[in-house]
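Colleague: If you want the building blocks of each chain, they are given just below.
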Amino acid sequence: MSADNIKNIPTQNNLSQSEIYDLYAPAVYGRILKIVHKGPIAGKILEKVFIKAFKEKNFVGNNLNKPLISLLNQSREKSYQTLKALNIINECCAGATKSLADKK
Amino acid sequence: MPDILKRNNVNILGSGDNAMLFAHGFGCDQNAWKYIKDEFVSDYKLVLFDYVGAGKSDLSAYDAKRYESLNGYVLDLIEICDALNLKDVIFVGHSVSCIIGGLASIKRPTLFKKLIFIGPSPCYISKEGYEGGFDQETIDTLLEVMEDDYISWARSLAPEIMNKSNDPALGQELADSFCSIDPLIAKQFARVTFLSDNRNDLPKIPVASLTIQCAEDMIAPLVVGQYINLNTPNNTLTILKAYGHCPHMSHPSETIAAILAYL
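Here the protein sequences line up with chains A and W, keeping their order.
Residue numbers for the first sequence, in the working numbering: 33 to 136.
Residue numbers for the second sequence, in the working numbering: 259 to 521.
I should point out that these hints are in silico values taken from the structure, not numbers from a laboratory.
We treat Cβ as the ideally placed atom computed from N, Cα and C, and that holds for glycine.
Keep in mind that the hints are not guaranteed to be accurate.
[As the list claims (entries may be wrong)] Short derived list, chain A residues pointing at chain W, Cβ under 8 Å:
{"no.": "1", "residue": "L55"}
{"no.": "2", "residue": "L100"}
{"no.": "3", "residue": "S102"}
{"no.": "4", "residue": "A117"}
{"no.": "5", "residue": "L118"}
{"no.": "6", "residue": "I121"}
{"no.": "7", "residue": "K130"}
[Stated by the list, open to error] Stretch-level coverage of chain A by chain W, calculated; a stretch enters the list once three of its residues show a Cβ under 8 Å from a Cβ in chain W:
{"no.": "8", "segment": "71 to 78"}
{"no.": "9", "segment": "103 to 116"}
Okay, chain A solo, but in the shape it has when bound (with noise of 0.2 Å):
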């Protein structure tokens, strides 16, 4: 998750988002690796999650395990749900498709 993407979402606490983010990524990040098993895929998975987070009101309140668990669950609902998506993406051409853009 960029710096820029962390400054631009408003902050509704105490804690700065950068601050939330260094204290739940590795353990949501561990939780979604588990799930999609590659490492560019889940730091984008990751990325979206916090980012979603940030944008709910109230996301982070007095008790700390709060987020912690809405994280957990909202990267493990996102890791299966783009598991999903590349599985139709795979099955439209039995898994055979490359982009043009990697011959450029």
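Position chain W against the provided structure of chain A, taking the given hints into account.
Modeller: Then chain W, alone, in the frame of chain A:
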């Protein structure tokens, strides 16, 4: 007038009196037909092509406005037939191309003699009283994922999929001859494909057709094939033992047998 044969990388094989036109689906190019085309080359003039954005098509011919609906692809198909002076064509389409072929036959019935649909779907999203295979959320996620590096991501998962569901040797063979797509153009093609709803067009298809349906297909499930068969005049349904969405690639012999039996 653009050079249509160059635009769509049209290739002609064989020299039979009757033409057989093969139209690939989303995520593919004309490479997808390589396992079945040889079976027909001695009896038919085979016409293979790539949609703009796929294979060796002319990417500069892409016009977002023209291709904002399936109609742009329908026009391409008709223009290819006209450029080659084809008529009474046997059309073989895969996936979204089945509907493209069906729509082309409604526009120009005389172009086609028979339509062969492999894994067709008139609507991928389930709606009231219709089971399309996907819910809106899944398709929304699919389109969202396509904003990212989706092709390499999907490829990174592909060997696992191939090993689970198909012969591992096929996985390697396919990897050596992947179909090519432009990621940006494919993104719009996916949107047009997966959000389209052409159920109302099925009863208007004026040409006899065959639906080749795999027993298990996550993209176009059996109920979709049955829906097409019920709602399309003069449609024959053949259910293969094969599974997956691309029986012409994964189970070519069974697919060829189904086509030959119909012809």
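Colleague: Evaluate each hint against the coordinates.
Modeller: Verification of the hints:
1. L55: Violated. Min distance 26 Å.
2. L100: Nearest chain W Cβ about 24 Å off; hint violated.
3. S102: violated (19 Å)
4. A117: Hint holds; A117/A Cβ to chain W Cβ min 4 Å, cut 8 Å.
5. L118: Holds. Min distance 5 Å.
6. I121: holds (4 Å)
7. K130: holds (4 Å)
8. 71 to 78: As far as the segment 71 to 78 of chain A goes, the hint holds, because 3 residues have Cβ atoms under 8 Å from chain W.
9. 103 to 116: holds (count 4)
Checked against the numbered hints given earlier, this structure breaks hints 1, 2 and 3; the rest are met.
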